[in-house]
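K.L.:
These protein sequences, in sequence, are chains A and B. Mapped onto numbering that gives the first Met the number 0, the consecutive letters of the first sequence carry residue numbers 0 to 486. Mapped onto numbering that gives the first Met the number 0, the consecutive letters of the second sequence carry residue numbers 0 to 95.
Source of the hints: derived by calculation from the structure; they are not laboratory data. We put the CB at the ideal spot given by N, CA and C, even for glycine. Each hint should be verified, as a subset may be incorrect.
[As the list claims (entries may be wrong)] Chain A stretches covered by chain B per the calculated footprint, using a threshold of three residues with CB under 8 angstroms from any CB of chain B: (1) 153-161; (2) 234-246.
[To be verified] Computed Cβ-Cβ distance ranges for the label pairs, DEER-style: (3) G30/B x R385/A: 33 to 41 angstroms; (4) R6/B x Q95/A: 26 to 34 angstroms; (5) G30/B x L479/A: 43 to 51 angstroms; (6) A23/B x A320/A: 36 to 44 angstroms; (7) R6/B x L337/A: 20 to 28 angstroms; (8) F63/B x A366/A: 28 to 36 angstroms.
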Amino acid sequence: MEIHSLPIHRIHDLLESRQIGAVETVSAFLERISAIDPGLNAYISTFGEKAIEEAKLFDSGARDYSASPLAGTPIAIKDVICMQGTLTTCASRMLQGFVSPYDATVTEKLRRAGAIFIGKTNLDEFAMGSSTENSAFAKTRNPWDIERVPGGSSGGSAAAVAAGLCAGSLGTDTGGSIRQPSSFCGVVGLKPTYGRVSRFGLVAFASSLDQIGPITRDVEDAAILLQAVAGFDPADSTSVDLPVPDYRAALNQSLQGLRLGIPREYFIEGTHPEVETAVRNAIDTCRRLGARIVDISLPHTEYGIAAYYIIAPAEASSNLARYDGVKYGHRAQNGADLLDMYRKSRSEGFGWEVKRRIMIGTYVLSAGYYDAYYRKASQVRTLIRRDFLEAFEKCDAILAPVSPIPAFKIGEKSDDPLQMYLSDVFTLPASLAGIPGISVPCGFTSENLPIGLQILGPHFQEELVLRIAHQFEQNTAFHLRSPEVKG
Amino acid sequence: MDSKITRDEVRHVALLARLQLSDAEEEQMTGQMNNILEYMDKLNELDTKDVEPTTHAIELRNVFRPDRVEPSLDRKDSLGNAPGTDGVNFVVPRVL
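Construct the complete structure from the given sequences, taking the supplied hints into account.
P.N.:
Structure follows, in structure tokens:
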């Protein structure tokens, strides 16, 4: 089997037992990136030489594989997370050329764990989008069908894992941006509980929703990556000071006795029939594995889209006020005065989706509209959160589709923002409630497009979500398929 | 049909947001914002009179720490990404 098709834990085993070398491993991925990525655009930048330098330290024995299960493995980072001395563009012209003066906490933690950074991945500009078509630089293509989107906003991270262009990656999820691209690309993606992972050094989009999480080839890898980045960080006062369990320890416990809830609002007209069939089959599999399946209701599900697309733009309009052409970022050259310079810089630097969200956010926060929109949406957020808390009295975790549709064609939804937003219907509620969720491969359409099963758990129950995903995965073979990508 | 937001309002919001839109962009933005804001009316189906708003999914407490000087970015790094500096300050177009 080729190195590029192996999960992190297998690569680490081979490295540790000296069956492969670190330089050999990193080179295999770099060569594959050179051959294939020009057709996929998963990466914005790669660190060829630097990665080889670091790999040499492992081959020479200067660094030790026993440091962590990530030691010596090539990892990609979404280009919205800071890495000292390297470009962090957020796929925006606004930050083209921006060099991070410091490491994000997650970057520093992975560095200490011995991960070898191989590159920064493409995304929708400032993580705003569901298709990675909003990148200012290039549209990432889905490795399963290059005419289709990889999902978004972490489309580059998901495509890179699916195509074997890294061993694992970090993405970010604000309203589904880890789970939906993982579903579209047939890989595993985990959005942790809000507060589980430090956001320090993550370029902010919507601060009450943003979370960093792993995108990997299998569930064990997701547990390994989460283990490395989870935990309280004094530099992020919204990170939560709770003990971090051993996420791999519980993976092998069976589903026997678990109550898994099926929310009727997630099985609705408009869902692609093959998606519904695959998810229903996955539910049957879990039943066969010993879980008790219970019907539940999350009655405010249909209001998630409206609430999210008020709250997230509101927070974004405030967060993105910092891009004023003064401290960093693009500055227009012909500003007549300071105000004119601000407006020209921002208008030249931001793409259309970002501008529209800033506009909506500014509008819903403005005098006279705040109560009707922002306050109302925040109240509905309470109802959505309450739905989940009540559901978790009847079940231990929830099974649902990730997205009502498989990967759509490039350009299919890009002219109609509302249509694009509606496709996020099944990922937004968990984000608003702050609970953890994972996407795990559960089938393919007749056109060979991956389908993801979403597993949602109570706050800080990543252990349980990972365990259910692992048990499902190890009793099915969907995660073993790889796309045929040609260079 | 009544529109949610007029073109004049879009122009005003653009000023508040420190954006500048061309005529064609103003028109496109007005159309798209109207579509989206009309969809948001869905929230009015719900009675939320006695519902407390949620601004954070996790309970947050104020975080205190001693008021002590800690190491921070040095001036060179802080100015490193600035489009205009004189080596000591950020430089912007004349304000007055």
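K.L.:
Now, for every hint given, state plainly whether the structure supports it.
P.N.:
Status of the hints after comparison with the structure:
1. Note: the region 153-161 of chain A has 0 residues with beta-carbon separation from chain B under 8 angstroms; the three-residue rule is not met and the coverage is violated.
2. Under a criterion of three residues with beta carbons nearer than 8 angstroms to beta carbons of chain B, the stated coverage of the region 234-246 of chain A is upheld, 3 such residues being counted.
3. Evaluation of the 33 to 41 angstroms hint for G30/B and R385/A yields a pass: the beta carbon distance comes to about 35 angstroms.
4. The hinted window of 26 to 34 angstroms between R6/B and Q95/A holds, with their beta carbons roughly 31 angstroms apart.
5. Our hint of 43 to 51 angstroms for G30/B and L479/A holds, since their Cβ atoms are close to 47 angstroms apart.
6. Under the hint 36 to 44 angstroms, the C-beta atoms of A23/B and A320/A, about 25 angstroms apart, miss the expected range.
7. Range check, R6/B to L337/A: about 26 angstroms between beta-carbon atoms, so the 20 to 28 angstroms window is met.
8. Under the hint 28 to 36 angstroms, the C-beta atoms of F63/B and A366/A, about 33 angstroms apart, fit the expected range.
The structure fails to meet hints 1 and 6 from the earlier list, while all remaining hints are met.
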